[in-house]
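We have chain A already, so just place chain B on it with the hints.
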Amino acid sequence: MKYTFDFGALLGQGYPALIWGGLMTTLEMTLFAWLLAFVLGSVLAVLRMLNIRALNYVIAVYVAFHRNVPMLVHILLWYFGVGAIMPLFIEDVVNQIGGEFVYSTIAIGLVTAAYVSEDLRSAIRSIPRGQMEASRSLGLSYLQSMRKVILPQAFKISIPPLTNQTLLLFKNTSLAMAIGLIELTGAGREIESATFKTFEIYTVVTVLYLAISLLLMFVGAYLSKRVAYVTKTR
Amino acid sequence: MWEILSDNWLLLLVGQWPHGPVGGLVATVGLAIVSLLLAFPLGIMLALGRISAHKIFFWPATAVVYVVRGLPLIMFIFWVYFFLPLLIGNSVSGVVTMVAALALYEGAYLAEIIRSGIEALPRGQMEAGRSLGLSHMRTMRKIILPQALYNTIPSMLSQFISTVKETSLGYVISVHELTFAAAQINNMLLTKPFQVFALLALTYFTLNLILTGVVKLVEKHMGSGQAVTAA
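The listed protein sequences correspond, in order, to chains A and B. Position 117 of the first sequence, counted from 1, bears residue number 117 in this note's numbering, the numbering being contiguous throughout. Position 3 of the second sequence, counted from 1, bears residue number 1003 in this note's numbering, the numbering being contiguous throughout.
Bound-form chain B, shown alone:
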């Protein structure tokens, strides 16, 4: 196993780069970061829709959340793969498909996290904001959301870990990320499938163990901080 690692570590780390697109571990982390950043504004909008008293906001947001919860990510990726070219008029790469699909998918999951963050705040926060003369939207933007988003940082970081794991589906549509790199190595060696895929599993394991450690550190740090909860 050491031999496989010492022979192929560069491919696992950055893929074909600099002779081709960036791949491997760097692409996996990059895909996760970009899609979660894109998912964030979408998540806020969906969360606001989910708590809205207006039916025109509530029902579409709820429908999106339920469809995403009920459909496998892989079907979602195939839909984007089919629809995105029709929408923008020319063909798109696997990376763009993957980012778009993950952003939509994670957006719905982030929405539920943010919604629970908003609902965990004491009602008095909104009432105080309104009685100080702020409009509903301004209270939301200046008082509710900053607190709710701060309180949900640990959950959103955990969602980042899930996203890292979900980027592995890029393998199915030949996006050059970590799993794809391992499959390439397996196709070159042919005789050591167990060692190659065990190495792949250990790589994900180490990466996510480090990320879990970061989440726990943040949680601990916030515990001594100013988290606001319904009392």
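Chain A extracted, bound-state conformation:
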């Protein structure tokens, strides 16, 4: 193995700014896709609890489609496919923000929503029926009971699986580099092909990913511990 290490090469040519920009893009994507995934995932999980046959069927197909097709394929489908059949005025808006960013964020958010809805559904099902019956008999409507009684408890139970989904979502934003988005991985590749300092730049990117991933794992573990404590002492 012959290789000369030179981390200093990464400091010139505006490379630190490129990495910083990539990191910010990754974090922005994570945030927007996370919001989409958790809002849509919660809505789907609640809708499924209504037990309307046709609706259940539609949601089941949505979940199966998003779980069985690779995320990269969803990104390609949105970017190349849906992007091509969008009306012009929407395309203009999308292009102003950046097509790669918008379509990959939508794709990642929609796929993760399917997983989140399944995690929440199993958490909601694990809450005793008496909780819903009690809040209904106290005069709350179905949606009120869901929002004030059932969902808060379901979210607590599902903290560990939802932490895992958040972590996977964060890692999966790297797939957007396949359609040319300069997020963290994409920025790393750009600098690699410009400097050939492969080891150095991959190390920097890897450390950044690992640091954020470990932080997410830590926050998840802290939250579930804290919530368990609060529930117990009450």
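Hint data in this document are derived by calculation from the structure and do not stem from the laboratory. Any given hint could turn out to be false.
[To be verified] A short, non-exhaustive set of chain B residues, derived as facing chain A with CB atoms under 10 Å:
#, residue
1, L1104
2, L1178
3, A1182
4, Q1184
5, M1188
6, K1192
7, L1202
[Unchecked claim] Computed list of lysine to any residue pairs in SDA-like fashion (alpha-carbon distance at most 25 Å, straight line):
#, chain 1, residue 1, chain 2, residue 2
8, B, K1216, A, A54
9, B, K1192, A, F89
10, B, K1192, A, I179
11, B, K1220, A, D119
12, B, K1165, A, L36
13, B, K1216, A, Y62
14, B, K1165, B, F1205
15, A, K225, B, T1062
16, B, K1192, A, D119
17, B, K1216, A, H66
Just so it is clear, CB atoms sit at the ideal spot from N, CA and C, and this is done for glycine as well.
Structure of chain B alone, referenced to chain A:
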């Protein structure tokens, strides 16, 4: 969409073969099978490390599992792409890179599955084995692992489905698999991107729906069988 399928089904199924390397759906499934088979022994070793009382086994195994969990697969593929040639001294093909990266990556995930399988077994199994005069390693090999591995068959099959999906990343390093074939078709047609990629999505969907069905069948069959759990 039917027209695209009837014109290009061979490319989607086997790629350029027999005039070139095998590609398409066959390559996708093949990549997944080979990498998961290679990941299996690695997964067992990592799982044993993760439950080991010896720090020299526990810490490296735990570090590997956490690094894999914390790093995107695509970065992993790039690392292998860079490191493997340095290690073995000559250049490697995209297929080898993909298999090596997937085997390592899936090995860490299998390790966690196998570990939970081992930990779900009643403690009495190990104690009984030891009191019959078997060593720790022999008890592990002859009593614990056979039961733990049997009980985790459904989870490992689900991991196979994830692996099938992850082979799509081969597209990024130009491995001739299903996604790559679809991108080729898209580049030939140019005018029908939505239809081509919808077709690709439906192909994965059908394949994985069948595989999910198989997993459910196995689960059902095992439910009536001899699964051992902590009681």
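Exercise for the section: Run the structure past the numbered hints and jot down the numbers of the failing ones, going up. Expected result: 1, 4, 5 and 16
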